[in-house]
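Given the coordinates of chain Z, work out where chains G and U should sit on it, guided by the hints.
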Amino acid sequence: MRLFVNITLGGVAEGLIFASVALGLVLIFRATSIINFAQGAMAMLTTFIAFSVLGKGVGYWPAFLVALACGLLFGGVVQLTLVRPVQNKPPLNAVIVTFGLLILLEGVAGAIWGNTNRGFPAAFSQKGLVVGKTAIAFSHFDIFIVVAVLALSILVGVLFRFTTIGLRMRATAFAPEVARLLGVRVGRLLTLGWALAAVAGALAGLLVAPTSVFSPSYMDLILVYAFTAAVLGGLDSPLGALVGGLITGLALAYVGGYLGDSLQPIGALILLIVVLMIRPEGIFSRPTARRV
Amino acid sequence: MIKIPPLPSWVRLPRQPLLRHLLFAVVGGVFFYFLTQSLSDFNNFELGELAVYAIAIAGLSVLTGTNGQICLGQGAFVAVGAYTLAELEVHQSINLALQLLAAAAMAGAVGLVIAVPATRLRGPYLAGMTLLLALALPFLSDKYGNFFGGDQGLTVPPPSAPASIDPVKWLTWIQLFCALVVMLLLANLLSSRFGRSFRAVRDDEVAAALAGVHVARNKVIAFVVSSACAGLAGGLLALSSGVVNTGEFPLSLSIFILAGMVLGGTGSIFGAWWGSILVIYLPNQWSQSLGNTFHFNHLVSANFAVIAFGAVLIVMMLVAPSGIQGGLRWLGRRLVTLSTPTEPAGNISVSLQRATEPERSHDGSEAEHPPNGSGAG
Amino acid sequence: MAGSVFALVATGLTLAGSAGAAPTTGVTKNSINIGATVPLTGVAAPGYDEIAPAMNAVFDWVNAHGGVYGRKINYNYVDDAYNPSQTTTQTRKLVLQDQIFATVGSLGTPTQLAVQGFLNSEKIPQLFVESGCNCWSNAKYPYTTGWEPPYTVDGKVLGAYIKSHFKGEKIGYLYQDDEFGQDVVKGLDMEIPKKSVVSRQSYNVATLAGPMTSQMSALQSAGAQVVVLATVPAATALALLPAYTLGFKPQFVLDAVGADPATVGPLLSSFTSAGGGSASQASAAVGLLDGMITNAYLPAENDLSNPWIQVDRKLLQHYAPAVWKKYGLDGNTEYGLGLAYTFVQALQKAGKNLTRQGLVNAIAKFGKNFVTPGLVPLGYTKKVHFGFQGDSVVQISPSASQIVTPNGSFPGFTTLAGPYVTSPGKGPVEKYTGKTSEPPAKLRKTA
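Chains as they are written, first to last, in this note's numbering: chain Z, -10 to 281; chain G, 26 to 402; chain U, 4 to 450.
Isolated chain Z, as found in the complex (with noise of 0.2 Å):
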């Protein structure tokens, strides 16, 4: 029973930190229907920001800051100058010039800090939780990803909901042609949108950094999983994002936990499958019209 308790509660951290990725790639998927394989990437460049500025001795909070200003600077600074020229050619430019980046960041982050493992430290005590008498596999800085990934997905669903922004952001994925038209200056929009998501990706690099292996390759394999979060989910649903998160998060905690580690990713492909067989564009996709 403890056994399965802590397998649950191992998953519900590990999806979290998935949903936190997904959330941004969710993000630029609705603002600009790419999907940004450099995602992990961007966010592994503005830890090591932060992991520099801790460097200096300015304390966490200063350089949690650092990181988050900085990706909303390089996100709107990628749009702007790598994603812009691809936006309206075939959808898999985009993809190998996300690649690149990718490649490129983890190259470049490699050179500046060298290929070496680090410990990054995390936000709020990592000692597990007191229950009875027991500690549980869930911490301080659990419950502090718990808060920090609600409050992002919550953002992010007011922001499309309610907000004037939000609401320009929608009409421009949907018709840019149309929002063009109807004055909506598309492309600051679309700056923002990659701008904003950096954002969420800045602060999934630092929940993920403290409990993984801090080094330039340490968000590649997160990344194919809040890959697989999002499209369970829905590319173009925050909430998607997050129960895709927490779905993936868990399927993989309990393939690992009683079948073996070797299993995880072929348990991740067949639930996708078969989630993809009921529902083809995500749990949480809205039925869109097909166009004919």
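Read the hints as simulated data drawn from the structure, not as lab findings.
Take these hints with a grain of salt, some might be off.
[As the list claims (entries may be wrong)] Derived CB-CB ranges, DEER-like:
1. Z/ILE259 with G/ALA122: 31 to 37 Å
2. G/ALA134 with U/ASN356: 54 to 60 Å
3. G/PRO183 with U/PRO401: 52 to 58 Å
4. U/PRO196 with Z/ILE259: 37 to 43 Å
5. G/VAL231 with Z/ALA164: 18 to 24 Å
6. Z/GLY48 with U/PRO401: 26 to 32 Å
7. Z/ARG174 with G/PHE56: 49 to 55 Å
8. G/PRO192 with U/ARG203: 43 to 49 Å
9. G/ALA122 with U/SER34: 44 to 50 Å
10. U/GLY73 with G/PHE56: 45 to 51 Å
11. G/PRO192 with U/LYS368: 28 to 34 Å
We treat Cβ as the ideally placed atom computed from N, Cα and C, and that holds for glycine.
The following block gives chains G and U in isolation, referenced to the frame of chain Z:
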């Protein structure tokens, strides 16, 4: 402006696509024969690998470029092919040609299993599923280590060459021969009615279905063809690497194949060669020698190849969005319009373009969607 | 056509040129070209990318002091990203294009297995492969040689110690589910009675993205009092994190592969430091390693009175200042230096007239007496191509002097027992009573 005179009519290439493709394959064969004679052992080895990746890229190009399905998991099928050949080598020694066919067939069969759910999915959803496939499949060899050899893998001896021929060259010839045959078959497939229905499905599924194309079946066929190509590539790769184990099929393999396809020119079979040169040759050779030329500190030089490769992927997509083959075509067209504005046909660059891009060959039936199978789906 | 004719003429000339003197490929009057494939980028790069640059410190020292029989050593190590396909291509490039004499210190089991056949068929020495696989001592591949103790030997030495010092306690394993982890477990199982092992957990290094909560929780639930980790350094950290979260404090016993405090310490230091680590918090956090038992076949980095450690530190400072500044003397750089000393001696013993066969013969004939930092002698004979034959059992201890590197201060080692020698097969684990070697006087004086 350079003026290119129109070629006399007797130099024109055959109008029959089959014959034209055969001619290209034969010319390619002769070219490669002399090329392998003048190259060093190592360059021949690399040329062989180039051919192997070109096969996997060309297959993907049919799937993505012609049929419109985005697959990020080509590496998984390469793995299936490689393991099939290695298992046959371990358990049942049969003729090499049969082993390679089996590698392609097994990958095609796995492709069929995956294709059935895959064809229901659109763009990014299919991409997500195939990416996970590429991650997951090699783990089967860890889980069933007794059969697949685990992380140590299975050893594959190099193919035994006739006594008079250098073994490295022999392997390169086998790989080049397979590449030419595959490309010949793919080019013919694309100019057949299958190719036309592939494109119809890519352009508009509903319209294709209305015109009598069995959409799902077409997508499955394209998927199987693509994975069989990857399987053959995997079998050939096993021959050159001498061992098949999990570590050889990381996610990056699938990404490199995809990048090779886009960089070469999505949908172009000839473009697979350019793509293969860029993704296989570039990281191994150019950037390493370039990295050695400058005297970076060891952190930078260790990562230089990675940085250069990432930068090339981005820059290529920004300056040549339709890939190298697309860029060459554009250049060719520019030259043609500049030199012979009144007579665009009958020029060698146009003929080349038509030969390497079957989708533009006007065989008289481009406009109609021929019925494929009985039902409309 | 003209091109191929030219190529034929060129080939003819080369053949005529080489027929006369018949020198060994990669060896000239004043140089020896050797190569290696190592992970400089990708998942396996952390830690392991330090080894080859550290080896170069030894070669640079040798070259600065006249080389070996007047020949300077050129060490060309290239990146294979731990991907066997890239190992294949890069090794062929080293052999066919760069014309190396031998590979020295290439890293990894799956990667080097991929080229074992090729190198042996070309009769090129594949020396001192950086892996403890049993597969490097194989009569089919006479040109291949290992260096570190086989993983099974590690397992047997640790197993024998556990059996005699933790009688009646419940034992648990957490091992990497590949040849490394399985071989360590094989060795453990030869010594530890089956019935005292209460839980066997494993992980797959390629799926490792977060803490190993389920494995540690299972070991805790099974009541394991002694937990053996056969893990790479990153996995050691990801195993110790959930143990810390769960308040699980068994006696940890680590295989040396994942036990170097200077490598694992920086990973752990952040786990217990919430809200940003001040220096004092960081050093307290490394306390997670305190009391852990592990095996060692090289002198401890914190033993500054050991002459080998003194030489190692001086060599890195003077001949690889970039490595010294970045990593200092940690488990990885010490490994590289030790391996390079071994190779230089093999060259010396192979004599002035250097050939590939001569080098392999020299290792078989004189290898047992090579002067190395090893705590036990190398085991080379004509048949045995394993390196070190055993280990000491050591403990990471807060009372020992610290290991100081540019990345922080970490608890050092104290010796508990040994050194022991044994074979990877059925043979018993015996105490080694012979002497350990001292560094040559010339090296001590001029490093």
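To see whether the hints hold, each was checked on the structure:
no.: 1; hint: Z/ILE259 with G/ALA122: 31 to 37 Å; in the structure: holds (35 Å)
no.: 2; hint: G/ALA134 with U/ASN356: 54 to 60 Å; in the structure: holds (57 Å)
no.: 3; hint: G/PRO183 with U/PRO401: 52 to 58 Å; in the structure: holds (55 Å)
no.: 4; hint: U/PRO196 with Z/ILE259: 37 to 43 Å; in the structure: holds (39 Å)
no.: 5; hint: G/VAL231 with Z/ALA164: 18 to 24 Å; in the structure: holds (20 Å)
no.: 6; hint: Z/GLY48 with U/PRO401: 26 to 32 Å; in the structure: holds (27 Å)
no.: 7; hint: Z/ARG174 with G/PHE56: 49 to 55 Å; in the structure: holds (54 Å)
no.: 8; hint: G/PRO192 with U/ARG203: 43 to 49 Å; in the structure: holds (45 Å)
no.: 9; hint: G/ALA122 with U/SER34: 44 to 50 Å; in the structure: holds (45 Å)
no.: 10; hint: U/GLY73 with G/PHE56: 45 to 51 Å; in the structure: holds (47 Å)
no.: 11; hint: G/PRO192 with U/LYS368: 28 to 34 Å; in the structure: holds (33 Å)
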